[in-house]
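Undergrad: With the hints as extra help, turn the sequences into a complete structure.
My numbering puts the sequence shown at residues 56 to 395.
Incorrect hints may have been included.
What the hints assert, rightly or not - If you anchor each label on the Cβ, the simulated ranges turn out as follows:
1) Arg143 - Arg230: 26 to 32 angstroms
2) Asn386 - Arg77: 48 to 54 angstroms
3) Glu201 - Ile307: 48 to 54 angstroms
4) Arg73 - Ala128: 26 to 32 angstroms
5) Ser255 - Asp141: 31 to 37 angstroms
6) Leu169 - Asn193: 18 to 24 angstroms
7) Ala109 - Ser255: 21 to 27 angstroms
8) Asp271 - Arg77: 18 to 24 angstroms
9) Ala264 - Gly60: 19 to 25 angstroms
10) Thr343 - Thr236: 25 to 31 angstroms
11) Asp141 - Arg230: 23 to 29 angstroms
12) Gly283 - Asp141: 22 to 28 angstroms
Calculated from the structure, these hints are not laboratory results. By construction, the Cβ of each residue, glycine as well, lies at the ideal position given by its N, Cα and C atoms.
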Amino acid sequence: MAWQGIEGHDEVAATLARVAERGRLAGSFLFIGPAGIGKGLFATRLAQALACRATGPGLVPCGRCPSCAQAAAGTHPDIDVVRKPDDRATIPLESLIGDAAHRMREGLCWRLTLQPLVAARRTAIILDADHLSTEASNCLLKMLEEPPDGAVIILVGTSLERQLPTIRSRCRVVRFRSLPTDTVRLLLEREHAGETEGPSADDIAAAAAASGGSLDRARLLVDPDVAGFRRRLATLIAARPVRGVELARETIALVEGAGTEAARRRERLKLVLDAAVDGYRALLRLATSGEVPADVALAAACRDAHPDPDESVAGLHHTLAALAAVDRNANLSIVVDAWT
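TA: Here it is, written out as structure tokens:
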């Protein structure tokens with residue numbers, strides 16, 4: 056049975072449970088793994104287990120006590136969660152140490168120094184740790200190295216390379232694996248069960264297969280507009296010369312179709328760019344070794360293509376630069392214009 060209903064990470068849960076049984080589950084942790092696999096959810100469920108006064112074997116909270124109720128509602132006074140705002144490129148420094156007028160009298164680091172109100176300890180979770188600025192990372196160093204007695208600090212990121220060496224050296228690294236394709240498919244089927252106009256079993260299977268083990272990515276891919284554009288993108292990427300005007304127009308239309316929420320627009324554009332990265336890599340392999348892509352849409356697009364290795368490398372580098380710009384919170388229309 057999945058730990059607290061979270062699929063795919065039982066091994067991590069068992070390891071942490073053994074550490075807890077030895078009374079050593081305290082200090083600073085860095086959760087690392089691909090985006091969209093449940094690391095943040097795992098961290099919040101772990102915080103609930105640590106706050107529960109009747110936690111059972113395997114770090115499973117009782118789910119009935121007032122502490123569990125507050126944790127589930129996101130209102131527990133001893134659990135702090137900090138994330139990057141949608142309209143910011145980095146986690147604001149004031150979220151960690153207060154604004155200029157209240158340095159170390161507000162913010163996450165200050166709250167960690169307070170005595171817990173309900174639980175036996177305080178737990179802090181920093182989501183989007185990839186987006187800690189150098190200044191914000193440096194202000195965390197002392198707290199990460201010497202947390203208050205019993206406190207647990209969890210940073211959640213996607214790769215060690217995106218964390219400063221001084222952050223990495225002060226945390227116990229916990230690695231999360233991508234979800235198996237069958238697990239992603241099962242979770243998608245559960246989410247769409249009972250829908251009369253939901254995706255077909257074939258659509259779900261295709262989204263799971265192309266998800267790279269990320270449930271968040273699979274949720275985007277199962278959208279019919281996104282799935283259709285992804286197939287179309289393979290043709291546009293393989294075309295010679297590249298049809299830049301069409302690519303820009305159709306990409307902008309797909310991004311704007313996500314609605315007005317900036318985060319959803321960014322996720323759609325990142326999905327397009329990720330698919331383009333896959334496309335350029337496939338073209339490069341085809342050009343250098345004759346390897347036909349496993350992806351059906353890419354294989355069909357590449358069937359009559361005669362890719363140039365230098366063009367594929369240039370397209371790949373250009374796309375990676377666009378992804379980096381999206382992560383920096385750049386204007387999406389400008390990113391698309393520059394990319395195409």
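Undergrad: Let me make sure I understand: some of the numbered hints might not hold for this structure. Which ones are they, in numerical order?
TA: 7, 8
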